[in-house]
Structure formats: C-alpha cells, structure tokens
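Peer 1: Top line first, the protein sequences correspond to chains A and C.
As numbered in this note's numbering, residues 1 to 140 make up the first sequence, in order.
As numbered in this note's numbering, residues 1001 to 1140 make up the second sequence, in order.
Hints in this document: simulated from the structure, not taken from any laboratory.
Virtual Cβ for every residue (Gly too), placed ideally from N, Cα, C.
Don't take each hint at face value.
Stated by the list, open to error - One side of the interface only, derived from the structure: several residues of chain A facing chain C at Cβ under 8 Å:
#1 R85
#2 C98
#3 A106
#4 E114
#5 H128
#6 L130
#7 F132
#8 R137
#9 V140
Protein chains: 2
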Amino acid sequence: MAGMRGIDASSADTLRAAGMRATRQRTALLSLLTAAEGPLPVEALAKRGKGAFDTATAYRMLEAFQTAGIVHRIELAQGRALFERAGTHHHHAVCRSCGRIEDVEACVPASIDERVRAASGFARIDEHALEFFGLCRSCV
Amino acid sequence: MAGMRGIDASSADTLRAAGMRATRQRTALLSLLTAAEGPLPVEALAKRGKGAFDTATAYRMLEAFQTAGIVHRIELAQGRALFERAGTHHHHAVCRSCGRIEDVEACVPASIDERVRAASGFARIDEHALEFFGLCRSCV
DNA sequence: TCTGTAATTGCAAATAGTTCGCATGTGCAA
DNA sequence: TTGCACATGCGAACTATTTGCAATTACAGA
C-alpha cells in the first residue's frame, strides 16, 4: 500500500472528491462516521474524536457533509440529531424503552417515491425514510 | 342537539374516555388538534389557543395525550416537534425547501412490521413511520 | 518549496425549544 | 357541596445547536 498516509487516507480522498478541503478535523470526523456501527449524536462523535475537533465545528462539518451527500442526519432520539455515513440505503428500528437503534434492510417498493409524487402536490420526491418502533429483546 | 355544551363536547368526552380530566386547557388543545389540517408545532398551537393554555402546560398535555394514544409526535422540522391528532394511519411528505408537510396515503404492506420484527433483534414492533422528502410545487 | 488568501476552526456567548419546581387553582367522586 | 389529588401558570433551568469573530490552516500558484 505505498503512498498510504494512514487509515484516514480514504476519508481525505472522499472529502477532496466532494470538493472540500481535507482538514484534520474533517478527516477525523468522517473516519469516525465511517467506522461507526450505527447513527451517533454529536456528543458521542466528539467523545470518540478525543479532542480532535470542537463541538461547534462538528456541527458545521456535519452540515457540510450533509450538503455533500456523504452523511445523513436523522431525528429519532427526542431532541438530539443523529448522524450516519450515507451510502447504503437502509432504515431503522428504534426501541421505545432504551432508545437502541438497529439498522433494517426492509424497504418499500422502489416505485413508491414516484407514486407519492404523482398523488401529492410535490414536484419531486428524492428520498424517503422508514422507521419502526417497538421494544428490543433487552427491554422485554 | 340537546345537551351539547359546545363544540368541545366531543373532545371532553374523548379525554374522559381516556381516563383523564377534561380541563378547559386540555379540551381546547385537543379541539385545536382535531381541527388542524396537519401536524403543528407547540408554538402554533399556543398561538391558535389564544392564551387558553400556557406553553409549558401544552408540552405536559401533549405528553399525556401521546401516552393515551390520542396524539402523535413527529420530528420532521429540524429541532421542533410537531403534533397531530392520532386516528388515521398515514404518513408525510416534507418539502426540503419550505418545510411544508403534506399527508400521504401510501403505506408499506401490513406484513412489514412482523417481517422486520423477525429479522431484527426486536421483541415487538408496533408502529412505523414513513416520510418522503422532496420539493413541493411552490418551491419548483 | 514558499507564500498569499480564502476557507476553516476554536472559543465563548447567544438562541431556541423543551422541561422543571413550586405555589395556586380546579375537576370530579363521594 | 366539599375535599383533595391532579393540573396549571409562571419563571427559572436545561440542553442541543448556532453564531460572531479572531486566529489558524489547506492548498493553488509562483
């Protein structure tokens, strides 16, 4: 792997490919998101970042990532946004008791976006989110 | 309509049927929600309530309504919760530009909740939410 | 490789939505 | 009609997120 400058090389490349500067903070944040096992709140990202970036900066970076389409923001926890690396289309199951979030493969027919567009007053529908709520095994 | 004590009679009945006191504030809030054309933030409910109830109280009432299953809370606007009268199962289309929210009839097959439960680590799935994102006609 | 410059960051202060404590008020069962 | 547990209003406290601004830094071009 000649030329690899570390585990963050691909994150830096992704950033530059998206037209944004590959700063130390952004590279660290994107690496964390890529390695994450699920959606995380900024608080958790900051903790995992071990001081590599400031919280306010994290929010700014995440907004930029969102705009670039490399990160998704979801609002499942009450009052706190969660962020996850974009790429694989999937949905979530949320435990009402402990808040645990699990990725879910199940999805709606691909044609549904178009069907909704036609039936609604919308000019275009380019994304959908599907969430399931219930109780995980640990919460009986 | 003998015996009807006003337009809020049914709201009061709904409250008592749910085992909660039919206070002036609760009756007013539930009437507003029932008459609403879509999900509303607490701010809008308070404004429509014209001083009939306090904002802090509105949050408390809405939490009680949620627990009783007569109101749904959704998190579509960034940072502010929206509330709507429960009853008809439906979903939402959200305009990324102006934030407009429209009800949508489209849904997933009824069997999907069970399928997700079986495939996931969840003991039970009793609800799902489906949101569509795009641009409404007014936002081109 | 060095440099200029515009983009980015850190810190601290400001917002905004939501929640809480507590004294007062009130629905409703008896 | 009355008692009292439950509800409400007010203000203060919280929490997540955003913003202003000066200092720092990535990286295109020399």
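Peer 1: Please go over all the hints and tell whether each is borne out by the structure.
Peer 2: Do the hints match the structure? See the list:
Given hint, A:R85 at the interface with chain C, is violated; its Cβ is 18 Å from that chain's nearest Cβ, farther than 8 Å. At about 11 Å, the closest approach between the beta carbon of A:C98 and any beta carbon in chain C exceeds 8 Å, and the interface hint on this residue is violated. Using the Cβ-Cβ criterion of 8 Å, the hint placing A:A106 at the interface with chain C is satisfied: the shortest such distance is roughly 5 Å. With a least beta-carbon distance of about 10 Å to chain C, the hint placing A:E114 at the interface is violated under the 8 Å criterion.
With 8 Å as the threshold, the beta carbon of A:H128 comes within range of chain C, its nearest partner Cβ sitting at about 5 Å, so the hint holds. The restraint placing A:L130 at the interface with chain C holds, with a minimum CB-CB distance near 5 Å, inside the 8 Å limit. A least Cβ separation of about 5 Å between A:F132 and chain C falls short of the 8 Å threshold, and the interface hint therefore holds. A distance limit of 8 Å between C-beta atoms decides the matter here; for A:R137 the minimum to chain C is near 5 Å, and the interface restraint holds.
Hint status for A:V140 relative to chain C: holds, with the closest Cβ pair at about 6 Å, below 8 Å.
Hint check: violations occur at hints 1, 2 and 4; the rest are consistent with the structure.
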